[in-house]
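Protein chains in written order, with the numbering used here: chain A, 1 to 458; chain B, 1 to 553.
If you are wondering where the hints come from, they were derived from the structure by calculation, not from laboratory data. Bear in mind that the values here come from a model prediction, so they are computed numbers and not experimental data. Yeah, the Cβ is synthetic: ideal placement off N, Cα and C, and Gly gets one too. Hints are not guaranteed to be accurate.
[Stated by the list, open to error] Derived BS3-like pairs (lysine-lysine); straight-line CA-CA distance at most 30 Å: (1) B:K499 to A:K448; (2) A:K456 to B:K90; (3) A:K77 to A:K448; (4) B:K252 to B:K375; (5) A:K330 to B:K47; (6) A:K370 to A:K456; (7) A:K178 to B:K252; (8) B:K532 to A:K41; (9) A:K200 to B:K532; (10) A:K446 to B:K90; (11) A:K442 to B:K252; (12) A:K435 to A:K72; (13) B:K90 to A:K448; (14) A:K444 to B:K499; (15) A:K186 to A:K255; (16) B:K89 to A:K435; (17) A:K422 to A:K44; (18) B:K47 to B:K35; (19) A:K444 to B:K532; (20) A:K186 to A:K46; (21) B:K32 to B:K505.
[Stated by the list, open to error] If you only want the chain A side, here are some residues facing chain B, beta carbon under 7 Å, derived: (22) F66; (23) Q136; (24) S313.
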Amino acid sequence: MSAATETKTEANTKTVENATCTFCGCLCDDMVLTVDVDAHKITKAKNACVLGKALFLSHEEEDRPFALIDGKPATLKEGVEEAAQILTNARFPMFYGMSDTTCEAQRQNVALVDMVGGTIDSTTSVCHGPTGMALQGVGESTATLGEIKNRADLVIYWGGNPAESLPRHFARYAVTAKGMYTPRRKKDRTIVNVDVRRTKSTPVADIFIQVKIGADFELLWALRALVKGRKVAPDIEKRTGVSLETMQDLVERMKNCRYGVLFFGMGLSMTRGRHFNAAAILSLASDLNEYTHFIATPMRGHGNVSGADMVVSWQTGYPFAVNFSRGYPKFNPGEFTATDMFARGDADAGLILAADPGSNFSQYAIDHMKKIPMIVLDPKLTHTAKLAKVAITTSHYGINTGGTAYRSDGVPIELRPCLESKYPSDEEVIRAIYKRVEQLLKAKKKTKSANNKRRKAA
Amino acid sequence: MGSTLRIVNGRVYDPANNVDGKTRDICIKDGKIVKSVPPKTKTIDAKGMVVMPGGVDIHCHIAGAKANIARKLQPDDHRRDVMRRLDLKKINTRSGTGGTVPSTFTTGYRYATMGYTTAMEAAVPPLLARHTIEELEDTPVIDKGFYILMGNNVLLYQMLQEGRHEEIRNAVAWWIDSTKSYTTKLVNPGGDEPWKGHRNATITQLNDKIDGFEQLTPRKIITSMVSAVEDLGLPHPVHIHCNNLGHSGNYKTTLETMKAADGRRIHVTHIQFHSYGGKPDENPTSKAPAIAEYINNNPNISADVGQVMFGKSTSMTADAPLAWMLTRYSSDQRWVNADTECESGCGIIPFAYQEHVYTHALQWAIGLELFLLSKDPWRMVLSTDHPNGGTFTSYPRLIRTLMDKEFRKEQMNSVNQKAVAKIKRAHHMEREYTLQEIAIVTRAGPARILGLKNKGHLGPGADADITIYDEHEDKELMFSAPRYVLKDGKLIIDNHEFKNNHEGKLLHVSPDYDEGIKDVIRPFVEDFYTIKFDNYAVSDNYIHHHEVIPTTK
Numbered sequence: 001m002s003a004a005t006e007t008k009t010e011a012n013t014k015t016v017e018n019a020t021c022t023f024c025g026c027l028c029d030d031m032v033l034t035v036d037v038d039a040h041k042i043t044k045a046k047n048a049c050v051l052g053k054a055l056f057l058s059h060e061e062e063d064r065p066f067a068l069i070d071g072k073p074a075t076l077k078e079g080v081e082e083a084a085q086i087l088t089n090a091r092f093p094m095f096y097g098m099s100d101t102t103c104e105a106q107r108q109n110v111a112l113v114d115m116v117g118g119t120i121d122s123t124t125s126v127c128h129g130p131t132g133m134a135l136q137g138v139g140e141s142t143a144t145l146g147e148i149k150n151r152a153d154l155v156i157y158w159g160g161n162p163a164e165s166l167p168r169h170f171a172r173y174a175v176t177a178k179g180m181y182t183p184r185r186k187k188d189r190t191i192v193n194v195d196v197r198r199t200k201s202t203p204v205a206d207i208f209i210q211v212k213i214g215a216d217f218e219l220l221w222a223l224r225a226l227v228k229g230r231k232v233a234p235d236i237e238k239r240t241g242v243s244l245e246t247m248q249d250l251v252e253r254m255k256n257c258r259y260g261v262l263f264f265g266m267g268l269s270m271t272r273g274r275h276f277n278a279a280a281i282l283s284l285a286s287d288l289n290e291y292t293h294f295i296a297t298p299m300r301g302h303g304n305v306s307g308a309d310m311v312v313s314w315q316t317g318y319p320f321a322v323n324f325s326r327g328y329p330k331f332n333p334g335e336f337t338a339t340d341m342f343a344r345g346d347a348d349a350g351l352i353l354a355a356d357p358g359s360n361f362s363q364y365a366i367d368h369m370k371k372i373p374m375i376v377l378d379p380k381l382t383h384t385a386k387l388a389k390v391a392i393t394t395s396h397y398g399i400n401t402g403g404t405a406y407r408s409d410g411v412p413i414e415l416r417p418c419l420e421s422k423y424p425s426d427e428e429v430i431r432a433i434y435k436r437v438e439q440l441l442k443a444k445k446k447t448k449s450a451n452n453k454r455r456k457a458a
Numbered sequence: 001m002g003s004t005l006r007i008v009n010g011r012v013y014d015p016a017n018n019v020d021g022k023t024r025d026i027c028i029k030d031g032k033i034v035k036s037v038p039p040k041t042k043t044i045d046a047k048g049m050v051v052m053p054g055g056v057d058i059h060c061h062i063a064g065a066k067a068n069i070a071r072k073l074q075p076d077d078h079r080r081d082v083m084r085r086l087d088l089k090k091i092n093t094r095s096g097t098g099g100t101v102p103s104t105f106t107t108g109y110r111y112a113t114m115g116y117t118t119a120m121e122a123a124v125p126p127l128l129a130r131h132t133i134e135e136l137e138d139t140p141v142i143d144k145g146f147y148i149l150m151g152n153n154v155l156l157y158q159m160l161q162e163g164r165h166e167e168i169r170n171a172v173a174w175w176i177d178s179t180k181s182y183t184t185k186l187v188n189p190g191g192d193e194p195w196k197g198h199r200n201a202t203i204t205q206l207n208d209k210i211d212g213f214e215q216l217t218p219r220k221i222i223t224s225m226v227s228a229v230e231d232l233g234l235p236h237p238v239h240i241h242c243n244n245l246g247h248s249g250n251y252k253t254t255l256e257t258m259k260a261a262d263g264r265r266i267h268v269t270h271i272q273f274h275s276y277g278g279k280p281d282e283n284p285t286s287k288a289p290a291i292a293e294y295i296n297n298n299p300n301i302s303a304d305v306g307q308v309m310f311g312k313s314t315s316m317t318a319d320a321p322l323a324w325m326l327t328r329y330s331s332d333q334r335w336v337n338a339d340t341e342c343e344s345g346c347g348i349i350p351f352a353y354q355e356h357v358y359t360h361a362l363q364w365a366i367g368l369e370l371f372l373l374s375k376d377p378w379r380m381v382l383s384t385d386h387p388n389g390g391t392f393t394s395y396p397r398l399i400r401t402l403m404d405k406e407f408r409k410e411q412m413n414s415v416n417q418k419a420v421a422k423i424k425r426a427h428h429m430e431r432e433y434t435l436q437e438i439a440i441v442t443r444a445g446p447a448r449i450l451g452l453k454n455k456g457h458l459g460p461g462a463d464a465d466i467t468i469y470d471e472h473e474d475k476e477l478m479f480s481a482p483r484y485v486l487k488d489g490k491l492i493i494d495n496h497e498f499k500n501n502h503e504g505k506l507l508h509v510s511p512d513y514d515e516g517i518k519d520v521i522r523p524f525v526e527d528f529y530t531i532k533f534d535n536y537a538v539s540d541n542y543i544h545h546h547e548v549i550p551t552t553k
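One chain only, chain A, in its complex shape:
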């Protein structure tokens, strides 16, 4: 409250400038937030897009219990104790989520999994996980968004709809943004949209290419062949829905631009072909570097999903789907990805941090989550929180809590919170659980060795 008093004006409002919106992967850091201190509400969110406005202006701290255990109100301490007991007694706990929280919380979360020998996975595995696997196969040519703003004269959006999912992507980074070598904004760029249907993003494009559903890989592979000077038979149109002429025209444009970009979405990474699609588009960009400078980069959804990849990678060497059962990190998507672990019925407990798999995982996975003790940390009473044994209410990152978030291009940004919250941050709760589990594990170890001694003596 003291901070609010310091900056309050006559109307008892305060402004926080250069705040970051964590709604999507654009992570726009130019928000000007006006806060009505008495009403404890954000009244204005200047520069925010429609999604950002929804995030800030509808933010309301619900008066919820600090924790729910079996649906009954409990204190934070009781919630932490119950969570710690679950994790200490679990043999194969699954940790999932992390895309809507700070890196500081993510770092503590990986420490906790490491200690209990569990498995950790982020929402990456259900969005651009296949892109991460493609990277491991072929590498990538990428760039921060500013370089694209400054230099790109050919921008291709493939299998994604930023107009609706990343509303300021065009204006801030790639279409109407004014850059060093693109002073005339859109006039200095050619925009191409490749998708299976027209979307809200299509009108921005100079060229729209409609690919048949499920034929992205074939189209990408044909383009690669053409870039490399191979012959492609005209009947490729039957398979892809795109004529050879259109492909040749696109290839010429790609080879002759000065700085080209392929932005791609889950239309590639989560449809037939998955990591093959992603590998094909990454390879296409790499191949084009024989002729010019070319980039391919995924468009990421959640505010700090890239941060989750970063943290898990620097702490374990692998981006997602990491298991610690043997006392060291092992990586295996399919085996250690959350949706598979739950659907197969492998996990015997779960901790969900800042995600809602209960609303979007398969029914098999959700059915299993209902059977095992689940711990959920979330500001809201989500579908997952409703089926959890322990649901702990946390504050909202970026609004109530500071910390770090990584933009989809890897640029780290420090968040500027504008409202205080009575609820603890994710990081604080994870730290508290960690501390308690550490004590419980030590006690368990002691009892075990005492029992062993007794057995030996007998």
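Since the structure of chain A is provided, determine the placement of chain B on it from the hints.
Positioned in the frame of chain A, the structure of chain B alone reads:
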């Protein structure tokens, strides 16, 4: 009363204080070395052992954006080399994975178990400094710092083009201060503009004009940065990765770069990669003698070798055109390019140096020649440009190669003979490094070049970062497994066992600048970057355990 400790009966190698293998007591109080401690102090008996300051790595790539892409890129590199979590009485350590680009925790533990207590990450785009700091915080035990990339900075180019030297100095100071970094690094200065902006070209001559900046040349960038850093009194001079890395005939560029410094201090890094004769696109030859001679005769130059070690490596560099060139020679399909707006490029490829390959054998031999021809070990120090030439875990083997000529000959005979035919017979191949010289090239020298007054020696006032080795004929064995390692006076390795964890410090510099420079930088950042100027500087929230190293001004 703080904690005290005395190390007795050890043979002490402390070149900075002219102690060469004499038996001396080392006294420690509150994490620092002191003249004396009360008689009833806990002791470590180092009889039959060698006592040295903790190792200092002047140039490695261990944390930040590119290291993390290299980790993500290579699951194959991690899976056979894992580090288990330890549940000890007092502490728990974190698990991790190794390979050529280990996870952060493994990096810290492995440096410590090798007796190294300080390491400097050598290439960070300022925009991504926050990322590096987060990773370094998760790199335990060792002290660490990092250098920011300034050789392809577009705003500095604009200032230099217009001759605004005063502003350049202030801008460099602002950048160092606001990223919490240690010094400036130039990588292939001038190369990014043609790479990013002109269909993947690069720059080859110090006097080449830079795309879009017709008044500028690499030479102008280098000399301007040397002046700025000298004027600011940074403890470490400009750290230069010269143009033309890896290209045959590049030794001329290297000599010209050193001459361009015109008597002022510069540090030329991984100079082995810059000591090649021959014609472009043909097989290289060794120009180590010419490079070594120049450095021997010019005390303003310091260098680290960037030794190549056979086996798996990861080539990761801010020199993007170089990585692109290397794809031609790599059997691995994977290539990463990553541009950072207005500041840097980056290239990563998995690589392997093989004994039978002419160029690789020659590179290995050139590195050794540079060591063996160096007359002043204080200015030609040990590095492998980890993980470019080899990993830091290969230092013990490199030390043995320098100390043991029979071992060296054995290896010489097992590599590509065409590459080493001449070098093998050279007189300098008979030289063997002494323990004192090893202490210089692995700790005292790097610490002095870095301007770290409390590192690399065992005199009163120094940080109690100490390594105690069993004496052993096999120097590789000796240097890979110290019996004791102390960090800030705390026993990390006790009788070969990992006993304690520790949070190392971030070492950074905070030079003064004219506040007015922010008004110059602000509009540029607002126009050509994608984050707000007010969100650019790394706030103090990111700084926990740290030490500001003073400037000399």
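Against the structure, the hints:
1. For the proposed pair B:K499 and A:K448, the alpha carbon gap of about 23 Å is at most 30 Å, so the pair holds.
2. A hinted pair counts as satisfied when its Cα atoms are at most 30 Å apart, and A:K456 with B:K90 qualifies at roughly 26 Å.
3. Between A:K77 and A:K448 the alpha-carbon distance is near 27 Å, which keeps this suggested pair within the 30 Å criterion.
4. As the CA atoms of B:K252 and B:K375 are separated by approximately 21 Å, the hinted pair is consistent with the 30 Å bound.
5. Annotation: proposed proximity of A:K330 to B:K47 is violated, straight-line Cα distance about 42 Å (limit 30 Å).
6. Between A:K370 and A:K456, the direct Cα distance comes to roughly 41 Å. Violation of the 30 Å bound is thereby established for this hinted pair.
7. Of the supplied pair hints, the one linking A:K178 and B:K252 is violated, its CA atoms being roughly 41 Å apart against a limit of 30 Å.
8. Among the hinted pairs, B:K532 with A:K41 is consistent with the structure: their alpha-carbon atoms are about 24 Å apart, no more than 30 Å.
9. Only pairs whose Cα atoms come within 30 Å are accepted, and A:K200 paired with B:K532 is accepted, the gap being roughly 28 Å.
10. With a CA separation close to 14 Å, the supplied pair A:K446 and B:K90 stays within the 30 Å bound.
11. Among the hinted pairs, A:K442 with B:K252 is inconsistent with the structure: their alpha-carbon atoms are about 63 Å apart, more than 30 Å.
12. With a C-alpha separation of about 24 Å, the suggested pairing of A:K435 with A:K72 holds against the 30 Å cut-off.
13. Note on B:K90 and A:K448: the hinted pairing holds, with a Cα-Cα distance of about 18 Å set against a maximum of 30 Å.
14. Of the supplied pair hints, the one linking A:K444 and B:K499 holds, its CA atoms being roughly 22 Å apart against a limit of 30 Å.
15. As the CA atoms of A:K186 and A:K255 are separated by approximately 20 Å, the hinted pair is consistent with the 30 Å bound.
16. Among the hinted pairs, B:K89 with A:K435 is consistent with the structure: their alpha-carbon atoms are about 16 Å apart, no more than 30 Å.
17. Between A:K422 and A:K44 the alpha-carbon distance is near 22 Å, which keeps this suggested pair within the 30 Å criterion.
18. Straight-line distance between C-alpha atoms of B:K47 and B:K35 comes to about 20 Å, which keeps the hinted pair within the 30 Å bound.
19. A threshold of 30 Å between alpha carbons decides the hint, and for A:K444 with B:K532 the separation of about 50 Å lies outside it, so the pair is violated.
20. A threshold of 30 Å between alpha carbons decides the hint, and for A:K186 with A:K46 the separation of about 24 Å falls inside it, so the pair holds.
21. A distance of roughly 14 Å separates the Cα atoms of B:K32 and B:K505; the hinted pair therefore holds under the 30 Å criterion.
22. This hint is violated: A:F66 has a C-beta 26 Å from the nearest C-beta of chain B, more than the 7 Å allowed.
23. For A:Q136, the interface hint holds, the least distance from its beta-carbon to any beta-carbon of chain B being 6 Å, beneath 7 Å.
24. This hint holds: A:S313 has a C-beta 5 Å from the nearest C-beta of chain B, less than the 7 Å allowed.
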